[in-house]
Every structure is written in structure tokens, then in C-alpha cells.
Amino acid sequence: MDIREASLTIPAQLDQIQHASSVVRRLAEEIGFAESDLNQIELAVYEACANIVQHAYAHQTDGHVHISARAEPGRRIVITLLDTGTTFDPQTIPAYDPQQVTEGDGQVGGLGLFLIRRMMDEVHFEFCVPGSELGLPGCFNRLTLIKNL
Amino acid sequence: MTSSLSITSQSLAEQSIAMLSLAGRLDANTVSQLERALTDAQLAGHRAIVIDLGELIYISSSGLRVLLTGRGNARKRGADILLCNLQPAVREILEMVGFSAIFPIFESREQAVAAALATSDREN
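So the protein lines, in turn, are chains A and B. Residue numbers for the first sequence follow my numbering, beginning at 1 and rising by one. Residue numbers for the second sequence follow my numbering, beginning at 1 and rising by one.
Isolated chain A, as found in the complex:
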């Protein structure tokens, strides 16, 4: 199996996110994901990075996000995002309900997380992952996104 991989580290800034999501999209394209799936993968990575920039690093200007993707032809793409920002409990994020949303509700919570979960087949949050496990110093938050072909 010809596994393909890509990884990059971006400053935690909104204007850097599109680059990361585009890199992952191109990798997914190489192993034959359909256009609609590519759109979903790109949006999920974008939303995940935006959440990290806007929430995990809300009070920090020098943070970074490390993104790596492993494309397994005929099988799936596994995307991992690492950051060292503030942790959160995904269970405390209000569940976005498309049936309940109303106009003017622009502060509605959980929309980004809702999109990520709808776009991907698996979404796993891990917090305070020891850096030694990753061959890196410090402690990390790790978000794993998986989409099957």
C-alpha cells in the first residue's frame, strides 16, 4: 500500500488556516476522494484549525498548530492536529441542532464542531498527550479526524 503523508506547522493565525486545509485536501485528492468528500475534508480541517486559533489560543499570540495527514490508498485519510493551547471538554460545548436554530442566533454555539462531526467519519479529542509519546517536548492537545474512502 502506497501510503502518502504530509505535515506542516502553521502559526496560530486565521490567515494561515486555508494553506493547511488546502495541503490536506491535495493529499486526499491524490488517493481518489470524490470532489464532495474533498470539500468536506477541507472544511473539517479548516474548522478544526479555526477552533484551535480562536479558542485554544484565544489568549496567546505565539501558538502554533501542527497538522499531519496520512493518506491510505483505497482506505482512508487520517488527519492529526496538535496544539499546546487551552484544553476544553467537548462534552461542554452545546450541541448544535439544525432543527432548533433561529435567525439572529449568530452566537449559536457548537456550529464548527457540528460541521467537523458531520464531515468526518471519526473525530477523537485527546488532551494533555505527553510529548514523549510524539517525540516532542511538552504536552499537547491532539485532535484526530478520519474519513474513509
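To be clear, the hints were calculated from the coordinates, so they are not data collected in a lab. It cannot be assumed that every hint is accurate.
To be verified - In silico lysine to aspartate or glutamate, EDC-like type, Cα no more than 20 Å apart, as pairs:
| id | chain 1 | residue 1 | chain 2 | residue 2 |
| --- | --- | --- | --- | --- |
| 1 | B | LYS76 | B | ASP40 |
| 2 | A | LYS147 | A | GLU122 |
| 3 | A | LYS147 | A | GLU5 |
| 4 | A | LYS147 | B | GLU92 |
| 5 | B | LYS76 | A | GLU103 |
| 6 | A | LYS147 | A | ASP62 |
We have chain A already, so just place chain B on it with the hints.
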């Protein structure tokens, strides 16, 4: 690499309708442009804002939130926001998050303008 969005604005029907044509990507990096355009259109007193999404190729949750807030603000002052000309990828997202039940969505800008004028006539 930065994302880009362009917004073209015009007034129709003796200033009663603002037409905003969006092209590019509506995301966390570009959403402030749409916020400004919606504010400007509302300050100009337009009764309806038609947003043509024909060349919008991407929308993130930030863009969705601004649309939602914008329509709420418009409705509070008796105006409305209508959407038209959606690309399939953008339509899929709007349907997924339930916006197709909130926003009037039209296939073409002509249909959207006609609907805006009809609503405006009923209320005058």
C-alpha cells in the same frame, strides 16, 4: 496563503433592494467584509438585501454565523435577507445546518429580486 473574498454591491429598484454579489471564500479570515457590507446596506435603508452566492465556492461556520446574525438584524428593522444562485457545495452546507428552513433561497437573482419586491409591495 490567505483566503480572498470579493463583494460587489449595487442598489436596485429605486434603492429598495441591495444586491451583494459574493465571489471567493467566506471564512473566518474574510467574514468581516460581509459584516461591513451588510451593515452598510442596512444603514442605507434598503428594505431587502439579496445575496448572490453564485461565485462563492466555500463557506465556513464564521460565514454561516454572520448570515444568521445579519438576517436577525435585518428582520428587527422590518427588512429581509434573501439568498440566491447557490453553488452545490455551499447549498449542501446550508442545508446541513438547517439554514434552508430559515432563509428564503432562490435559484436565480431575478427570482430573488421578484420575491423581495413582492414582499415589499405587500408591506407598503
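We went through each hint and held it up to the structure:
1. LYS76(B) x ASP40(B): holds, 16 Å
2. LYS147(A) x GLU122(A): Since the Cα atoms of LYS147(A) and GLU122(A) sit roughly 7 Å apart, the hinted pair holds (cutoff 20 Å).
3. LYS147(A) x GLU5(A): Satisfied, since the Cα-Cα distance of roughly 15 Å is no more than 20 Å.
4. LYS147(A) x GLU92(B): holds, 18 Å
5. LYS76(B) x GLU103(A): Measuring from Cα to Cα gives roughly 10 Å; hence the hint holds.
6. LYS147(A) x ASP62(A): violated, 30 Å
Of the numbered hints given earlier, the model fails hint 6 alone.
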